[in-house]
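Colleague: Sequence:
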Amino acid sequence: MNAHAPILRPPAKPVGAVTAALAILRCLGRHGDSLRLTEIVREERINTSTALNILRTLEYERLVTFDRRSKRYALAAGLAELAAPLTHADDPVRRAAPAMAAAAHDLHATIGLWRLVDTSFELLHVADSGASMRIAFTIGRRLPMFLGAMGRLVAARGTFDESDLARHFAAVRWAKPPAYEAWLAEVEEARRTGTAIDDGHINAGVLGVAVPVERDGPLRHVIAAAMFDAGPHPNAGVITERLRAVARVAEG
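With the numbering used here applied, the sequence shown corresponds to residues 1 to 252, in that order.
Take these hints with a grain of salt, some might be off.
[Said to hold, decoys possible] Cut-off 25 Å, straight-line C-alpha distance, at most; resulting in silico cross-link-like pairs (DMTMM-like, lysine to aspartate or glutamate): (1) Lys176 <-> Asp199; (2) Lys176 <-> Glu122; (3) Lys176 <-> Glu186; (4) Lys176 <-> Asp164; (5) Lys176 <-> Glu162; (6) Lys176 <-> Asp229; (7) Lys176 <-> Glu189; (8) Lys71 <-> Glu39; (9) Lys176 <-> Glu188; (10) Lys71 <-> Glu241.
Just so you know, the hints here were simulated from the structure itself, not pulled from any lab data.
Required output: the full structure, derived from the provided sequences and hints.
Modeller: Below, the structure written as structure tokens:
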């Protein structure tokens, strides 16, 4: 114990809902797996109706997630966003790792934090959904910078002329090549929205979505999700917003 730390006295009138919400968050944090409402209520001795209303509020605020199939709750990426200013200010991997893990679980996707090195992307960190069938990447893997959804971001944020873009496009090993004009339109869309999508053009049946970590200036890091196109993941808008939240945590 720090001998100089002040001794905190309990508030004269504690707010019960705040105390209960913190108890629920700590309960979820103690367990490696998600919990049902009945398990939380039993462990924390909170009224069932009160606990349910608190959990619904925490879910809305993105501090917990709720799997409607299994009826189980778990901590969510919003907590990492709250803590980001206090921890690992100089390390995007350590900042983003909890948020990436939560997003991978919720989106049923494999999510990578990639760094642009010369003319390729290097994988710094990866999180997957834990499903028996999932897309696997190895940390340290390198991919050509114009590949897939990430490549569209590179094209959108870079200073390439028309001949450069055509040359890089032709060099990509496509599984299902898009029309060049369609690809250029997708690059322009990525420039406008800050989001890029590859729908099965690099790997058949795999949807890729990427967002930049740096909101301004040169592109140095990207958060990218890869998932089976026919999987149980949400729609593209939900995926994009979740990846942007992870990118904000990574940027700090």
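Colleague: Quick one, are Lys176 and Asp229 close enough, alpha carbons at most 25 Å?
Modeller: Holds, because 14 Å separates the two Cα atoms, which is no more than 25 Å.
Colleague: Has the given pair, Lys71 with Glu241, been kept, meaning a C-alpha gap of at most 25 Å?
Modeller: Holds, because 24 Å separates the two Cα atoms, which is no more than 25 Å.
Colleague: When you check the alpha-carbon spacing of Lys176 and Asp199, does it fall within 25 Å?
Modeller: Measuring from Cα to Cα gives roughly 10 Å; hence the hint holds.
Colleague: If you draw a straight line from the CA of Lys176 to the CA of Asp164, is it 25 Å or shorter?
Modeller: Holds, at about 21 Å.
Colleague: Between the alpha carbons of Lys176 and Glu162, is the straight-line distance 25 Å or under?
Modeller: holds (22 Å)
Colleague: Between Lys176 and Glu188, does the CA-CA distance stay at or below 25 Å?
Modeller: Holds - the C-alpha atoms of Glu188 and Lys176 are around 20 Å apart, at most 25 Å.
Colleague: If you draw a straight line from the CA of Lys176 to the CA of Glu122, is it 25 Å or shorter?
Modeller: holds (24 Å)
Colleague: Given the proposed pairing of Lys176 with Glu186, does the C-alpha separation stay at or below 25 Å?
Modeller: Roughly 15 Å separates the two Cα atoms, so the pair holds.
Colleague: Take a quick look at whether Lys71 and Glu39 sit within 25 Å of each other, Cα to Cα.
Modeller: holds (11 Å)
Colleague: Tell me if the straight-line CA distance from Lys176 to Glu189 falls inside 25 Å.
Modeller: OK: Lys176 and Glu189 at ~20 Å, within 25 Å.
This entry satisfies every hint, going by the numbered hints stated previously.
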